[in-house]
Amino acid sequence: MTRRQGYRIGLDIGGTFTDLVLADMATGQLQRHKRLTTPSDPAEGALAGLDELLSREALSFDDLSDLIHGTTLISNAIIERRGSPTALLATRGFRDILEMGTEQRYDIYDLFLRFPEPLVPRRLRLEVDERMTRDGDALVPPSLAAVEAQVAGLVEAGIEALAICFIHAYRNPEHERLVAERIRHAFPQLEVSVSSELIPEIREFERTATTVCNAYVQPLMDRYLQQLERGLVERGFGGRFYLMHSSGGLATPETARRFPIRFLESGPAGGALISAYLGAALGTPDLLSFDMGGTTAKACLIQGGRPTTANVVEAGRVHRFKHGSGLPIKVPVVDMIEIGAGGGSIAWRDALGLLKVGPVSAGADPGPASYGLGGTEPTVTDACLRLGYFDPDFFLGGRMTLDPEAASNALAHLGEALDLEPEAVAWGVYRVVCENMAQAARVHIIEQGHDPRNYQLMAFGGAGPAHAARVARILGSPEVIVPQHSGVAAALGFLVAPASFEFTRSYPDEVQRLDWGVVDRLYQDLERQAHAVLADAGVSEADMIFERLADMRFSGQFHEIAVPVPPGTLSETVATTITTSFEQEYARLYHAVMPGYTPMVLNWRLQARGPEPERAFTLQHDGPQPGPTAAGGENQAKGTRRAYFPERGWVEVTVFDRTTLASGSTLEGPVIVEEAESTTVVNPGDRLSVDALGNLRIEVEQS
Amino acid sequence: MTPNDAQGPFDPISLEIMWSRLITITEEAWLTIRRTAFSLIIGEVQDFGCELLDAKGESLAHSPRSMPVFNLALPRAVKALLEAFPPETLEEGDALITNDPWLCAGHLSDVALVTPVFKEGTLVGLVGSVAHCSDIGGTRDSLAAREIYEEGLQIPPMKFYRAGEPNHDLLALIDRNVRKGEMVIGDLQAQYSANEVGARGLLRFMDEYKFDDLSTLAEVVQDRAEAAMREAIAALPDGSYQQRVALDGIGTPMTLGVTIEVRGDELDVHWDAPPQLAKGAVNSTLNYTASHTVYALKCMLTPDIPSNAGCFRPIRVHAPEGSILNCSYPAAVNIRTMTGWYCAPALFGALAEAMPDRVQAFTGLPISVSAYGRDADGRTYNDHLFQGGGQGAGRAKDGVSALLFPTSAANTPVELFELRTPLLVGAKTLIADSGGAGERRGGLGQRLEVRKLFDDDLPVQLAVMAYNLIEEAPGLAGGHAGSQSHLTLEDGEAVTRGWDLGTLIELTRPQQHVTIELPGGSGYGDPRERPLTAIQADYDQGYLSRGGLADYGCDVDTEGRVFRLNDGA
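Residue numbers (the working numbering), protein chains in the order written: chain E, 1 to 703; chain U, 1001 to 1569.
Incorrect hints may have been included.
Anything over 10 angstroms on all C-beta distances counts as not near chain E; from chain U, calculated [what the hints assert, rightly or not]:
id	residue
1	Trp1019
2	Ala1037
3	Gly1043
4	Tyr1149
5	Arg1224
6	Ile1233
7	Gly1239
8	Ile1250
9	Ala1278
10	Leu1430
11	Gln1446
12	Glu1472
13	Gly1478
14	Glu1506
Coverage of chain U stretches by chain E, computed from C-beta distances (three or more under 8 angstroms per stretch; other residues unrestricted) [as the list claims (entries may be wrong)]:
id	stretch
15	1027-1034
16	1392-1400
17	1404-1416
FYI, nobody ran anything at the bench for these hints, they're computed from the structure.
Note that CB positions come from ideal geometry on N, CA and C, so glycine has one too.
Here chain E stands alone, though its shape is the one from the complex (with noise of 0.2 angstroms):
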């Protein structure tokens, strides 16, 4: 092994905090390092945590074989409207379908809901004489002098980056390639995002906006990522430079700068990532990752050792939480549910007197209550203070110090409020925010056609694991793993991504009068196409995994189910074989059959993929090794604290130290795990151990 493959670091920008996360290629060992992200130039920060970690370690870049990033760059450019100046070229009498959007009310009572503003205002959007029919037939052909003509003006004005979006582009693409041919060779210095090339799927306000968004953060995505392989360069790194997508794979920077729009969602995906990773290492291929932080619960299911994914996200919403209020992004995404129950979460009395808990945060300023910081309202961190769960003294590991009587004061004023003592309303804002993240995540697993209680929880993020248990019970999950390193959990999960990609072609029809040859091209196409972005991350022909989607319906319906589609060349035979797994998917779905009724296929998918990294890390156990202490009860306990269980009522609960706690230990419930990035809480009834690996196991009691 040369010493160039020594090293490889994950590096994860949030919005807060940047992570780290070395690992050692010889010997499986990792190191973590935390800083906090410079907002205003990320790339800085993220240069001086990479400085930082090195000199530690007392490495050198030299010494990195990969480098690994994700950022949430690209989603809050979006929210915060820090894009480039961006028109659009539409096919002549469409410009405002940007702005139209759905034109569908997110909230039925509400007579003054706002909607996000379009990010190409209308002056910016011009309409080209062209046209093709839903057959792919070119009706009327671009004159594209005229529309050279038109650029001209916008560049004039100023825009950096121009969308192409034309009706049924996605069915036959040659007028936008003919008109961004023509655009990009008379002003190369702008950024051109097409339809066809981003994201060819029929809908054309979502295959718009998802083209707009792309342009609109082109141009600082290539500034980031200049800015930031400059750094690297001046610093001697010649190891190989990968972005991490949305939906859980790596990427070159030069697909990155093409389709920055594919790279909204990359922290999450690295959390995706690293439970299916861990989960097969436990064998347990099917779970739920749970994280829960400061502001939201994220919960994204793994089946198969796989995240699912899915193929539409919302970004910039005006409401965070409501489905509807933001701009649909088609592209490839770690299927995540997202809900407003993290740490700071404010719980308040509502207009009919029910105790509601967030979605709004008290956020890190002024934070909880108990932060001591300004807050005044209660919120699930103060919750966790009163009911015993946290130790004021060791927030954080101790890098932080709470106050209970602000928590306590604070409860205590909303509980006069619902005419209930502080310690109920205590209870009340953790059973209810336990409540609503089990609710969300049984939705999101019976959607899939699942049962929750097959599922074990994978817990991380800052509060994850003082909820963990609790939800588990909710729904009934035998199982919580709580996992070491949580606090960089995502980017932990870059160190285990393959480098993928996923290609989408449209080729709508009945699956009895399609046409194979047709299909056996497409995927031709698209496998050359994946071939070579696959090959340009350094992927050898040998390693190249491809796999192909159909996205399947009834005739007349709209929404899809993807079947596999056999490799190889495609004939006539495929199409019973798609056509039973269609039908039978659709069943356990649906609870339906629908004899009669025609299949057909819509898309056709390829997810192209190298193999995941051989050894990324060893799994190991951090703390001590099976020895006398562990046979049960005779670890050292840190200390007792007085705490709430409504199975127990109060009680002086044990608490321990993780790193004190040797591989093999159980210890039964009620019981408190104490790290430096979070508290692990342990129910009454429920049984902690600590497998060989380091991972706390909970078994939950089934109510």
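Chain U: place on chain E using the hints.
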């Protein structure tokens, strides 16, 4: 004391948890229809709603995305179904159906499908939906209809499933009586599947909470919602609030009047409406009138309260029997939106002074175009192109351009519509100056152009429902009216407009161009009070043309700067 859940099962914490769980169950049912429906009108436009009801047929919760009028119409239909099939005659695996406009949602296209839910042999609740099927047979020329018999298949309260077995007789009858039967039956199957999903969710919920029945929980959630509604009504000064609105009728304008009597924490709405029409299908049943009435009132009074039967107890709705808002059988009712959709603006107008920050100026009404015919392969198509007008302005906010109201639907994507019908949509674009002027401007209306794609002599029928072709709707507090609708058929030199087109247009050649202009929203407040910066922005974006600046007493100089003309200039 120790914290404890046991101050009764329904402390503010438990109740919050259970209540949101009920709403989640309806959402699961809703998603099932969305994913398994076959028509554009249900699967894409989302003209349906799902509801969970107690064993008496009183509403407990409806899906957050739900056609507003169905939230009242469905419980009424459920009660009628329970009257026809008393609980002791129902068994597990039954599903009930009706589309009776007087019992359900006002026209035959809206079909209620309701599944009783049993626990250990006892009826504990019902799960149901109303959905607008793509076709129900009968004439497509609604204006020609004199009686409901001409409007399609009437389904009185019947069993759609009996003890888990489909009612094949009924299915055969439906299949033979509607256009594109497989699409209609596929949608009914989607409704049935959704009920199954909802029923499973309800039983799981009851098991978890060890409920044998829902009566106590129902009483608590309904009482709480009722109390909130009473509180909101009580905050209105007692008295009588009135408004009249003008509408097109069927080419001859008519007016509707409303009087809202507020007494304490209760409210009576009295509609004053002309006699029902013998021909033309714009008659509204009392169910439909009442549904639109309570919907608009809820938006104003308690927009944040989850809806259930309790919300509507303090509200009574009256309309003279035999009037166009309370028509009698066998009146033709198919295009009752032509009257019912004016209820909300009338109610907003009536309460505009009493609660100025809770009302909205007139919103340009949606226009639906249903396209029907056979393509060159002999296949039948029948789908809706559905689009919104401009939203009316409020005291604090401009109206949104192109927004669907009072329906909660989504528009039809042009590409999907073209894929399913051999038509070409030549444009879908906002109309400059169409938003009513005001301190807050109305949202812009939109223009659509539609023509046949192929020159193949195959006829396409377009059933067009348009509003505000002749009557404009004034704004509130000095705001101006938004633009009216315009409907035009150009065929070479020949141009036909507005009501002369009727509601059924037949196209045979691509040279025939239909242009549909949807109305803009009306404005709120005196346009001269609108900040110059807002007027400049509207001008810069092309929402206002130079001509449109006149409404604001403004003009523009050669540099493109908007300036105010002197008063009286």
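Here's how the hints hold up against the structure:
no. : hint      : in the structure
1   : Trp1019   : violated (7 angstroms)
2   : Ala1037   : violated (7 angstroms)
3   : Gly1043   : violated (4 angstroms)
4   : Tyr1149   : holds (29 angstroms)
5   : Arg1224   : violated (5 angstroms)
6   : Ile1233   : holds (14 angstroms)
7   : Gly1239   : holds (23 angstroms)
8   : Ile1250   : holds (26 angstroms)
9   : Ala1278   : holds (35 angstroms)
10  : Leu1430   : violated (5 angstroms)
11  : Gln1446   : violated (7 angstroms)
12  : Glu1472   : holds (21 angstroms)
13  : Gly1478   : holds (19 angstroms)
14  : Glu1506   : holds (22 angstroms)
15  : 1027-1034 : holds (count 5)
16  : 1392-1400 : holds (count 4)
17  : 1404-1416 : holds (count 10)
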